[in-house]
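Chemist: Line by line, the protein sequences are chains L and U. The first sequence lines up with residues 1 to 353 when you count with the numbering used here. The second sequence lines up with residues 354 to 606 when you count with the numbering used here.
It is worth saying that the hints were derived from the structure and are not from the lab. Errors might be hidden in some of the hints.
[Said to hold, decoys possible] Across the chosen pairs, the derived CB separations fall in these ranges:
| no. | chain 1 | residue 1 | chain 2 | residue 2 | range |
| --- | --- | --- | --- | --- | --- |
| 1 | U | K355 | L | A337 | 33 to 43 angstroms |
| 2 | U | G483 | L | I58 | 44 to 54 angstroms |
| 3 | U | N593 | L | K292 | 56 to 66 angstroms |
| 4 | L | A54 | U | N566 | 25 to 35 angstroms |
| 5 | U | E585 | L | S56 | 35 to 45 angstroms |
| 6 | L | V47 | U | F428 | 35 to 45 angstroms |
| 7 | L | A337 | U | E585 | 15 to 25 angstroms |
| 8 | U | H517 | L | K46 | 54 to 64 angstroms |
| 9 | L | E350 | U | L415 | 28 to 38 angstroms |
Cβ coordinates follow ideal geometry from the N, Cα and C atoms, glycine included.
Below are the chains, spelled out letter by letter.
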Amino acid sequence: MSEKVLMKGNEALAESAMRAGCRFFFGYPITPQTELAAYMSKNMHKVGGVYLQAESEISAINMVYGASAAGARVMTSSSSPGISLKSEGISYMAGADLPGVIVNVQRGGPGLGSIQPSQSDYWQATRAMGHGDFHVIVYAPSTVQEMADYIYEAFDVADKYRTPVMILADGMLGQMMEPVVLPEPKTSLPEKPWACDGHKNAREHNIANSLYLTAEDLNRLNFERFERYETIKQNEQRADLYLVDDADIVLVAFGASARIAKSAVNAARAIGIKAGLIRPITLWPFPCDCIKQASLHAKAFLCVEMNMGQMVDDVRLCVAGSKPVSFFGRTGGVIPAPLEVLDCIKSLNEGGR
Amino acid sequence: MKHPILQTSGERITLICGHYGVGKTNLALNVVLDMAKEGKDVTLVDMDVVNPYFRSSDYEALLSEAHIRLVTPVFAGSNTSLDVPSQKSEVMGAIELAAAGKTHLIIDVGGDDVGATALCRYVPMIEDAGYEFWYVINRYRIGSENPEDTVELLREIEVRTGLHATGIINNSHMMGETTEDHIIDSLAYADDISVQTNLPILATCYPDFLENNEITIENRMDGRINTTFGRETLQTLLVNPYPVHKLVKTPWE
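Okay, chain L solo, but in the shape it has when bound (with noise of 0.2 angstroms):
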């Protein structure tokens, strides 16, 4: 095991990507993002790989697409505002079936919103990361560790079900440094039968393509797909629980404010009120199963998300009214405090709303 060093987010994200097998990284630069892309600019050549600064976002996910249509291990990153610009790349890939990482620093929006840290994607990443019917399966770390964990599994999950994989990280992750054992460089890759890597003669060309011009095919294609989505959100969910077995109080939130929620749930346990955490790894597949075990003992469920509320639709499919679930939020780059947390389950727990 390598010694532990001390990282920001976004350079664990680059250092991990590259012993990943990642090669190719096409990027433009965004703040909160930019040492990520900083990094691969003064690390990737050392391990023989492309970094390259595109002229825009959208020039980087379509390089992106290319990369991994050839078969090779690609990402890209960007904050919330460049990766609205690279949802249309995106949904290229899904449609035509390319791997590929995807990572998304959030800041505060709409719009240019501000450089400060937010969860305000998480509609965009776990709903309509692009036009089209389809899904990218979407990792939230919540520790500068999970950061460097959760992309070099990225890669992985990436090719097995032949997907653009998202990191939805923030900008506080991003930024903040903490402890981090490094993985070990991966030293084999899967084969890719399909890739267009130059057919010699010797078999059928493949395509990667999207367009699909007669309605039954694109039909039973959207349909396969689906299938395969349903085997992912199978075998992919991904929650970790803490103090839930006996929780009357659940929090369910994830990334950064998991990390505040934690707090507030150990502030509540301190004053005897029996509270516990949630915390969503996958935001898609989103990890219903443990939510809705824990709707069987739990009073009340209360969501704390950097957002005006957009997690807590899904937590409120899985309860299915069967508890009461509220929301407690900031925007902008307001981050929650512990203690406003601590009161809303101080509040919940004398069944207030």
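Assemble the complex: chain L is given as a structure, and chain U must be docked to it using the hints.
Modeler: Okay, now just chain U, sitting in the frame of chain L:
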């Protein structure tokens, strides 16, 4: 006894430089607060125009409570975080004040040669006034784990600014997970850099939470196990030990 880095030498301008994320801002905050405690007139300039978060400008309230003058970039701190790097004219005023012996000026410079670029515009004034240039190092920070790279980085900062380091601050730590061993394991690294650069180690920082830890060390001479408190041990083993408080925090700490 007053720590050497807090003692007033002839120079009243201190530049705090180093690799990104070695802990320059947290060190700067500790130093200005300790200086202010001694009743000195202190000014802190946040010269970091690279980093959007976790910067001196975020500690305006804490500093103003201690009567420390803070000069922030035009767009930084609690009011705005616009991504436009620019410094206020007050920086020059602060340098003049320090040159006239009326304040102790600490400049928290941005990381690497890139961050230090913002300093270049003030170099003639700083040279005229006289300065200390602390090169802050951290063995556990990626990019500065080995002495060769760390020395190279200093050279890049020196070439960029035309200023020369006057001493080394060994700020090796692992944030909240720092143990006595982390500090002790960093001593040879700091020595190596000190020898390569011919610069003195002005301070070896350690987190103040280690002071009350009970630790055991084996006496190599007679094999006896001694139990002491962290403060005692660290003060004996370290070159110019300097306890630092963790002031730069995440919202859930």
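Chemist: Now, for every hint given, state plainly whether the structure supports it.
Modeler: Structure-based check of each hint:
no.	hint	in the structure
1	U:K355 with L:A337: 33 to 43 angstroms	holds (37 angstroms)
2	U:G483 with L:I58: 44 to 54 angstroms	holds (52 angstroms)
3	U:N593 with L:K292: 56 to 66 angstroms	holds (59 angstroms)
4	L:A54 with U:N566: 25 to 35 angstroms	violated (51 angstroms)
5	U:E585 with L:S56: 35 to 45 angstroms	violated (60 angstroms)
6	L:V47 with U:F428: 35 to 45 angstroms	holds (36 angstroms)
7	L:A337 with U:E585: 15 to 25 angstroms	violated (38 angstroms)
8	U:H517 with L:K46: 54 to 64 angstroms	violated (30 angstroms)
9	L:E350 with U:L415: 28 to 38 angstroms	holds (35 angstroms)
Of the numbered hints stated above, those contradicted by the structure are hints 4, 5, 7 and 8, listed in ascending order.
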